[in-house]
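Asks: Sequence:
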Amino acid sequence: MLTLAYNRPAISEQEQYLQQFVVDNAPILALKAIAASHGDITYAQLQNLVNHQLAQWWLLPHDNLLPANNYEASYWSLVQTVSGISDYQLLGDRFILHKVATLSCYLLNIGPSPNVAAISRP
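The numbers in the numbering used here rise by one with no breaks, and the one at position 46 of the sequence shown is 46.
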């Protein structure tokens with residue numbers, strides 16, 4: 001008789017919607033963040049994307065403030081980083097550039113998992 005070595009906990013339908021939102025939106029934000037850091041799009045365009053994604057997020061029902069996994073935590077860290085800086089910091093601050101690149105590469109599945117400080121959902 002076979003026994004399962006690992007049982008996945010049941011995920012609520014609400015949590016599935018939230019995770020799908022992150023999976024759908026994280027790569028788009030990552031690409032735009034990299035493009036903005038290289039000057040290919042304007043900082044205002046990046047801010048508009050972040051604001052649009054946040055507006056969509058607030059339409060979803062959610063009550064848990066903790067990210068479901070490291071991927072989601074990285075997404076919210078990128079959102080927070082992009083929202084909390086100005087255009088000249090994105091283009092010239094090496095620390096910000098490195099953080100945006102590291103988080104973006106991970107969200108695009110082309111880089112290793114970054115160490116993300118404890119963060120909560122908005």
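Since the hints were derived computationally from the structure, they do not count as laboratory data.
The reader is advised that the hints may include incorrect statements.
With a straight-line Cα cutoff of 25 Å, these simulated SDA-like cross-link-like pairs (lysine to any residue) come out [unchecked claim]: (1) K32 x E13; (2) K32 x A55; (3) K99 x L31; (4) K32 x A10; (5) K99 x G111; (6) K32 x I85.
What follows is a set of in silico ranges between Cβ atoms, one per label pair, in the way DEER data are often shown [stated by the list, open to error]: (7) A10 x L91: 24 to 32 Å; (8) N48 x S12: 19 to 27 Å; (9) Q56 x S12: 17 to 25 Å.
Note that CB positions come from ideal geometry on N, CA and C, so glycine has one too.
Asks: Are the hints correct? Go through all of them and say.
Replies: Structure-based check of all given hints:
1. Between the alpha carbons of K32 and E13 the distance comes to roughly 29 Å, so the proposed pair goes past 25 Å and is violated.
2. Straight-line distance between C-alpha atoms of K32 and A55 comes to about 17 Å, which keeps the hinted pair within the 25 Å bound.
3. About 14 Å separates the Cα atoms of K99 and L31, which keeps this hinted pair within 25 Å; it holds.
4. The hinted pair formed by K32 and A10 fails the criterion: a straight-line CA distance of about 34 Å is larger than 25 Å.
5. Proximity of K99 to G111 is assessed by CA-CA distance (about 12 Å); at most 25 Å being required, the pair is judged to hold.
6. This hinted pair checks out: K32 and I85 have alpha carbons roughly 15 Å apart, not beyond 25 Å.
7. Look at A10 against L91: about 45 Å separates their beta carbons, and that is not inside 24 to 32 Å.
8. At roughly 31 Å, the beta-carbon separation of N48 and S12 lies outside the given 19 to 27 Å, and the hint is violated.
9. In this structure, Q56 and S12 meet the distance hint of 17 to 25 Å, their C-beta atoms being roughly 19 Å apart.
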